[in-house]
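A.B. asks: Based on the provided sequences and hints, a complete structural model is requested.
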Amino acid sequence: MAEAERTKGESSGLVGICVVLVGVVLLIVVIAAMFSTQPPSYPKRSPEEMYAPGDQFHRLQENVMRRFPGGLAETI
Numbered sequence: 129m130a131e132a133e134r135t136k137g138e139s140s141g142l143v144g145i146c147v148v149l150v151g152v153v154l155l156i157v158v159i160a161a162m163f164s165t166q167p168p169s170y171p172k173r174s175p176e177e178m179y180a181p182g183d184q185f186h187r188l189q190e191n192v193m194r195r196f197p198g199g200l201a202e203t204i
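Counting in the working numbering, the sequence shown runs from 129 upward without gaps.
In short, the hints are calculated from the structure, not lab data.
Owing to the predicted nature of the structure, the values given are computational and were not obtained by experimental measurement.
Glycine included, every Cβ here is placed at the ideal spot set by N, Cα and C.
Don't take each hint at face value.
As the list claims (entries may be wrong) - Label pairs and their in silico Cβ distance ranges: (1) 158 with 184: 33 to 39 Å; (2) 192 with 172: 22 to 28 Å; (3) 149 with 193: 56 to 62 Å; (4) 161 with 192: 36 to 42 Å; (5) 190 with 163: 35 to 41 Å; (6) 153 with 198: 37 to 43 Å.
C.D. replies: And the structure:
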């Protein structure tokens, strides 16, 4: 009876160690995956294009016209 209890205790300890090792390996894989992903590549624009006055307004105007072809006032 004492031997059965001892082997049960040893096997549960071994299972615990295996669970901890699997968790550590999984954590390392997740961290490596986070650092290996590349950010999406945006089209390269010159600083003059990026900071052109009124550029954002024209882009917004184009997006509104594309989304509401009849005009924003008619849809409201």
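A.B. asks: Kindly indicate which numbered hints from before are broken by the structure, ordering the numbers from low to high.
C.D. replies: Going through the list in order, the structure violates hint 6 alone and respects the others.
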